[in-house]
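> Heads up: the sequence shown runs through residues 1 to 146, numbered per this note's numbering.
Hint data in this document are derived by calculation from the structure and do not stem from the laboratory. Warning: the hint list may mix true and false statements.
Claimed, not checked - In the DSS-like style, the derived pairs of lysine-lysine whose C-alpha atoms are separated by at most 30 angstroms in a straight line are:
{"#": "1", "residue 1": "K3", "residue 2": "K112"}
{"#": "2", "residue 1": "K2", "residue 2": "K59"}
{"#": "3", "residue 1": "K100", "residue 2": "K35"}
{"#": "4", "residue 1": "K59", "residue 2": "K131"}
{"#": "5", "residue 1": "K2", "residue 2": "K131"}
{"#": "6", "residue 1": "K131", "residue 2": "K100"}
{"#": "7", "residue 1": "K60", "residue 2": "K35"}
{"#": "8", "residue 1": "K60", "residue 2": "K100"}
{"#": "9", "residue 1": "K131", "residue 2": "K30"}
{"#": "10", "residue 1": "K11", "residue 2": "K35"}
{"#": "11", "residue 1": "K35", "residue 2": "K112"}
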Amino acid sequence: MKKVRDVLNAKGNNDTFSIIPTATVWDAIKLMTEKGVGALLVTENDALVGIVSERDYLKKVELMGRASQTTTVSDIMTANPFTVSPNFDMEACMQLMTDKRIRHLPVVENGKLLAMISIRDLLESTMQEQKYLIQQLEQYIRGESY
């Protein structure tokens, strides 16, 4: 069974982007846009304290009529987010994301933040796996060795 570690290794680029809790939501949205990501880890003194996403911005700032330039990340972040270890099963990770309706999970090992995995990463990995399986089955049906 595939593990989170396998997905991260296949992904290659495991850059994580973070912001401090006292930063403004404006700064967070700017950083997400610059980096092309949908969520940022919120860290303080190198410790994970939360996660903030585009969805948090929409629900807790825009829809509530707040100003992104005066609202802090700590006001809208999800504190103490769910995390997974690199040895977590990929299917269990997908199930957790589905059950909790979340799109990003920090990957932590021995208290150290390693990466962030997204539902997109898991979907791409699943699609690659299925593509390979289909190729193998097609070769088998044609009588080709594989």
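> If a hint holds in the structure, say so; if it does not, say that too.
Hint check results:
1. K3 - K112: 18 angstroms, holds
2. K2 - K59: 34 angstroms, violated
3. K100 - K35: The hint holds at about 25 angstroms.
4. K59 - K131: 37 angstroms, violated
5. K2 - K131: 15 angstroms, holds
6. K131 - K100: 28 angstroms, holds
7. K60 - K35: The given pair, whose Cα atoms are some 22 angstroms apart, holds under the 30 angstroms limit.
8. K60 - K100: 18 angstroms, holds
9. K131 - K30: 36 angstroms, violated
10. K11 - K35: At roughly 16 angstroms apart (the allowed maximum being 30 angstroms), K35 and K11 satisfy the hint.
11. K35 - K112: 22 angstroms, holds
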